[in-house]
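If you're matching them up, the sequences are chains A and B in order.
If you want this note's numbering, it's the position in the first sequence, counting the first as 1, plus 371.
If you want this note's numbering, it's the position in the second sequence, counting the first as 1, plus 9.
Certain hints may be false.
To be verified - Computed spacing ranges between beta-carbons, pair by pair:
#1 A:Lys462 / B:Ile79: 57 to 63 Å
#2 B:Leu78 / A:Pro390: 47 to 53 Å
#3 B:Ala34 / A:Pro416: 51 to 57 Å
#4 A:Ser542 / B:Pro83: 48 to 54 Å
#5 A:Ile376 / B:Ala34: 32 to 38 Å
#6 A:Asp699 / B:Lys13: 18 to 24 Å
Stated by the list, open to error - Taking beta-carbon pairs under 7 Å as the criterion, some of the chain B residues facing chain A (in silico):
#7 His14
#8 Val43
#9 Ala59
#10 Gly62
#11 Thr65
#12 Cys66
#13 Lys74
#14 Gly75
#15 Tyr87
#16 Asp89
The hints are simulated quantities; they were obtained by calculation from the structure and are not laboratory data.
Built from N, CA and C at the ideal position, the CB exists for glycine as well.
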Amino acid sequence: MISLIPPGLVLVAGGFLLPLLRNPWRGWLMLALPLLTLWMVWLIPDGPVLSGAFLDYTVVPIKGDALSRLFATVFVIMAFAGAIYGLNQDKVSELAATFVYAGSAIGVAFAGDLITVFVFWEIMAIASTMVVWSAGSQRSYQAGMRYLAIHLFGGVVLMSGIVAYVGETGSTAFVSMSIPLTVDSVGAWLILVGFLINAGAPPLSAWLPDAYPEASYTGMVTLSAFTTKTAVYVLLRGFPGAEILIWIGLYMAFYGIIYALLENDMRRILAYSIVNQVGFMVAGIGIGTEMALNGAAAHAFTHIIYKALLLMSAGSVLFMTGKRKCTDLGGLFQSMPITCVCGIIGALSISSFPFTSGFISKSMISQGAADQGLTVAWFMLTAASAGVFLHAGIKFPWFVFFQKDSGLRPPDPPLNMCVAMVLFAFLCIAIGVFPGPLYALLPFPVDYVPYTFSHVITMFQLLLFSGLAFFLLLPQMKRTLTISLDVDWLYRRLAPAVIRRFGEVFVPADQRARKMVLIRFEKFVAGIFRHHGPQGILARTWPTGSTVMWVAVLLGVYLVFYYI
Amino acid sequence: MKDKHWLVRPDTIRKLWIGSSVVLALLVIADLFVHHHGAFGIDETFGFYAWYGLLTCAAMVFAAKGLGLILKRPDDFYDD
Chain A
372 MISLIPPGLV
382 LVAGGFLLPL
392 LRNPWRGWLM
402 LALPLLTLWM
412 VWLIPDGPVL
422 SGAFLDYTVV
432 PIKGDALSRL
442 FATVFVIMAF
452 AGAIYGLNQD
462 KVSELAATFV
472 YAGSAIGVAF
482 AGDLITVFVF
492 WEIMAIASTM
502 VVWSAGSQRS
512 YQAGMRYLAI
522 HLFGGVVLMS
532 GIVAYVGETG
542 STAFVSMSIP
552 LTVDSVGAWL
562 ILVGFLINAG
572 APPLSAWLPD
582 AYPEASYTGM
592 VTLSAFTTKT
602 AVYVLLRGFP
612 GAEILIWIGL
622 YMAFYGIIYA
632 LLENDMRRIL
642 AYSIVNQVGF
652 MVAGIGIGTE
662 MALNGAAAHA
672 FTHIIYKALL
682 LMSAGSVLFM
692 TGKRKCTDLG
702 GLFQSMPITC
712 VCGIIGALSI
722 SSFPFTSGFI
732 SKSMISQGAA
742 DQGLTVAWFM
752 LTAASAGVFL
762 HAGIKFPWFV
772 FFQKDSGLRP
782 PDPPLNMCVA
792 MVLFAFLCIA
802 IGVFPGPLYA
812 LLPFPVDYVP
822 YTFSHVITMF
832 QLLLFSGLAF
842 FLLLPQMKRT
852 LTISLDVDWL
862 YRRLAPAVIR
872 RFGEVFVPAD
882 QRARKMVLIR
892 FEKFVAGIFR
902 HHGPQGILAR
912 TWPTGSTVMW
922 VAVLLGVYLV
932 FYYI
Chain B
10 MKDKHWLVRP
20 DTIRKLWIGS
30 SVVLALLVIA
40 DLFVHHHGAF
50 GIDETFGFYA
60 WYGLLTCAAM
70 VFAAKGLGLI
80 LKRPDDFYDD
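Okay, chain A solo, but in the shape it has when bound (with noise of 0.2 Å):
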């Protein structure tokens, strides 16, 4: 019976209902509902639970296989953590929206049609443009409402993809596209754009760095979380073996490596790393083989639990610190030890080190490329590995707490947000050198061995070596106060500009225009005044009898044109 309620709408509800309730009863919910939700997503059995009719569609709230149940599992471990690091956040509407984000995330992994899928998925964009705008500052409104913007964008491409899609097919089915993914299934490349939009994939990953580093210092580490795992959910489930992915997911793992090289801000230098790593998950749905879809999907568990034990250990920086920039930072390990520790278990697991979680996951990727014989794709790949430890897995933990002595001298932050911090750099190391239950997890059966002596001396060779690189170049890669320019210039700059130099153009001519007309129009006013004023031929009293001349002369030409 309690399978029958979708498992995201708990935490929907009470997302409705922490800002009813004062501590401590809001902080025992906010630990209560995650758990609630976990034990309702295990409920879940295989196959369509709820289905009805909406209009003349199809609907399927609720249908569970693995994969869901893999997602929502790790939305849901993803909500809980963020609870406990987020006990000490008083802003109420944050905490609020981060739940019913969560919810709406949970939502879309077990929708069974696209309809569902649509609905959440714009739940989603809503709730978490108020996790940003929640951070109260000038910078977090303008960035949240360009970041919103993007988001309706790629809702509309999607709800155009769905309706083309449906009207192709005939089915609301949420099931793979990729098969009929030919150049004239419109509505299936339509979804595609939708889904990448929110995947952080070019030509629009600018709104990801754009908009999550102004976020509070909880509102960032739960963004990081829910909108761009949930677009790896739908391409896996919609677009296994989908060719281009390959190629987009690489120029996402590049992308964010060269711009996390640029950037000064930590946070930001997450962020890029954000669209980094899902690079990787997207390519290897690309490549389709069960392997590697299990590789993506493994990887974005592992990727949740380690991307937010890094952002809680900037969090934490940002929190005790108020400063965000590397040129600001540094020596901060003298005096947080737990958020310096954390940090760097996270940079480890993120840089894919063996007995990290990072390790078991990504590796799968990479051996699914060069199972199928993908050269040019298995070397691009290895190289963005090897890249990951150099723009987050070094650079992260070395210019924020370690470098040059800045001589802030914070504490730890507080105990929740420690307790938070240490669950999940336990959980990286755990997955790690135990992955057997995230394998039992995965939607294919697993037939792989990570742990070979050759796959542990390989890799740490790739990664120590990308150290060594790292602080040889170290002088080539001194903090600047500087930002790099992105897509996001043409919407930020060009267009305003454009449209202000428009306005330059059109606004005198448009002025010189009405004037013209208006001194017509006066002229024309002025005429008809001549005649029918006061004064006017027309307004003067006729005597009868021109009255009747004139009748007589309309009524001759009536007759006269009768006759024609």
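Got chain A; can you put chain B on it based on the hints?
Just chain B now, with coordinates in the frame of chain A:
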């Protein structure tokens, strides 16, 4: 000198460099004793992952630096 944390003293940093160099050397030497199952040939050769990691990272750093010449702007660029 005394008020500096032990980890950031020049003496420790020198030792860290020496220790790391030994680890790197050992990792490459370990390649002699491992039978790799590469898929492309070159990835089975001696020390492949070491030089590939080093060179691609160097390439990425310089690529970023090059692009930075065009893309970098002061960080108040978008502030009105």
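Structure-based check of all given hints:
Between lysine 462 of chain A and isoleucine 79 of chain B the CB atoms are about 39 Å apart, so this pair departs from the stated range of 57 to 63 Å. A beta carbon spacing of about 49 Å between leucine 78 of chain B and proline 390 of chain A agrees with the range 47 to 53 Å that was offered as a hint. Roughly 55 Å separates the CB atoms of alanine 34 of chain B and proline 416 of chain A, a value that falls within the hinted 51 to 57 Å. Between serine 542 of chain A and proline 83 of chain B the CB atoms are about 53 Å apart, so this pair conforms to the stated range of 48 to 54 Å.
Between isoleucine 376 of chain A and alanine 34 of chain B the C-beta distance comes to about 60 Å, which lies outside the given range of 32 to 38 Å. In this structure, aspartate 699 of chain A and lysine 13 of chain B meet the distance hint of 18 to 24 Å, their C-beta atoms being roughly 20 Å apart. For histidine 14 of chain B, the suggested interface contact is upheld, since its CB lies about 5 Å from the closest CB of chain A, less than 7 Å. Hint status for valine 43 of chain B: holds, given a least beta-carbon distance of 5 Å to chain A, under 7 Å.
Against a cut-off of 7 Å between C-beta atoms, the interface hint on alanine 59 of chain B holds, since the closest Cβ of chain A lies about 4 Å away. Interface restraint check: glycine 62 of chain B against chain A, minimum CB-CB distance 4 Å, threshold 7 Å, status holds. The restraint placing threonine 65 of chain B at the interface with chain A holds, with a minimum CB-CB distance near 4 Å, inside the 7 Å limit. The beta carbon of cysteine 66 of chain B is positioned within 7 Å of a beta carbon in chain A (closest approach about 4 Å), and the interface hint is therefore held.
Annotation: lysine 74 of chain B was flagged as interfacial toward chain A, and the flag holds, the nearest CB pair being 6 Å apart, inside 7 Å. A hinted interface residue such as glycine 75 of chain B counts as satisfied when its beta carbon comes closer than 7 Å to some beta carbon of chain A; here the least separation is about 10 Å, so the hint is violated. Hint status for tyrosine 87 of chain B relative to chain A: holds, with the closest Cβ pair at about 6 Å, below 7 Å. Interface hint at aspartate 89 of chain B: violated, since its Cβ lies 9 Å from the closest Cβ of chain A, which is beyond the 7 Å cut-off.
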